[in-house]
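Sequences listed follow chains G and U, in order.
Numbering follows this note's numbering, with no gaps: position 263 of the first sequence is 263.
Numbering follows this note's numbering, with no gaps: position 34 of the second sequence is 34.
Check the hints yourself; a few may be wrong.
[Unchecked claim] Derived coverage of chain G by chain U (criterion: at least 3 residues anywhere in the stretch with Cβ under 8 angstroms from a Cβ of chain U; other residues may be distant):
{"no.": "1", "region": "27-41"}
{"no.": "2", "region": "119-126"}
{"no.": "3", "region": "155-168"}
[Unchecked claim] Not the full set, but computed from the structure, chain U residues with beta-carbon under 8 angstroms of chain G:
{"no.": "4", "residue": "14"}
{"no.": "5", "residue": "28"}
{"no.": "6", "residue": "35"}
{"no.": "7", "residue": "59"}
{"no.": "8", "residue": "63"}
{"no.": "9", "residue": "66"}
[Unchecked claim] Output of the computed footprint for chain U on chain G, the stretches with three or more beta carbons under 8 angstroms from beta carbons of chain U:
{"no.": "10", "region": "88-101"}
{"no.": "11", "region": "187-194"}
{"no.": "12", "region": "240-251"}
Hints were generated in silico from the structure; no laboratory data involved.
For each residue, glycine too, the CB sits at the ideal point set by N, CA and C.
One-letter residues, chain by chain:
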Amino acid sequence: MERQFIARGMLAGALGGLLAFLFARIFAEPQIQRAIDYESGRDAAQSLLDKAAGLPVEAEGSDPFSRAVQGNLGIGVGMILFGVAMGGLFAVAYTLACGRVGNVRPRPLALLVALGGFLALYLVPFLKYPANPPAIGHEDTIRERSGLYLLMVGVSVVVLVGGVWLGQRLRARFTAWNAALLAALACAVVLGAVMLLLPSLGELKANVDQYGHHATETPLPLKDPQGRIVFPGFPADVLASFRLYSVAAQALLWATIGVAFAPLAERVLRRAPAGAAA
Amino acid sequence: MTTPSLPAERTTPVVLGGARAALWLFGTVLFSVALYYFIGVDQGATSVFGDNMYVHEFVHDARHFLGFPCH
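Start from the sequences, fold in the hints, and give me the full structure.
Have a look at this one:
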């Protein structure tokens, strides 16, 4: 049974990744291109400032793939494989959840597990460290940023799984409704505390040393030595759209996994001879 | 609806049995986490395939869009 779940989960994940890719190709790619154009323009302005100040100008590194490859093939392969990975994890969680999370029928369980995956692996970490388009993010802090993001993903998975366990324990003393609310409240408090304790990206040491105290790494206006703005800060509308589309694409991916897996799982469970499911 | 739903009182049974099943689940988690790592993290903070940027640059847009930190 677990093998049937895994194969169907990965298939649903690939489908979700494909739909998320089509969405990204239409809505996100124009924003990504605007961010890259901003980055190029800013680098050119910085080079002029450096030249005027007599500083050595940094040479532009060449990328191994063209923008056309990155923005079509690369993002497609990346999102579909990401969907397969998420479908695999989803199938494992679904298999483990069967029969262990109270009176839930196969189809609603698929939607609930997909919602859990969306929250634990994307939305909760996003609340602390949201997705950023190209041009946002300093090279010097990539190690710390990766570590903090993965830590946030790990914490949110552990806390939400713990929340489900807590909800099951509380069901002995409260109604299912109240047990679920209490468990959700406990998750929110613990996650809120963790988010409060972890540093903002702008407050990382390398950033404070170079730029002073800021909440994020989003580029501020570039100024010449006289303090005149020679290049604007990162366009706010591009950032807002990029993040909204990022959330929408993940929601689409996880919704597809849940909706596509639900009837498949029900069929697998119905085919299994009653009582032989141990 | 073409397929009849399960009766309302029948909820999902426990379906996990034996060491083989556990091994399949464990292998799936390992495979999925490895995929997650190569799409999201490799050749940024850490690198498995040496000091080049092929994986990173190829999935560059997906990495940004899926929420990972990227260069």
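Here's how the hints hold up against the structure:
1. 27-41: Satisfied; 3 residues make the cut.
2. 119-126: holds (count 3)
3. 155-168: violated (count 0)
4. 14: holds, 3 angstroms
5. 28: holds, 5 angstroms
6. 35: holds, 4 angstroms
7. 59: holds, 4 angstroms
8. 63: holds, 7 angstroms
9. 66: holds, 6 angstroms
10. 88-101: As far as the region 88-101 of chain G goes, the hint holds, because 10 residues have Cβ atoms under 8 angstroms from chain U.
11. 187-194: Result for this restraint: violated, n = 0.
12. 240-251: holds (count 5)
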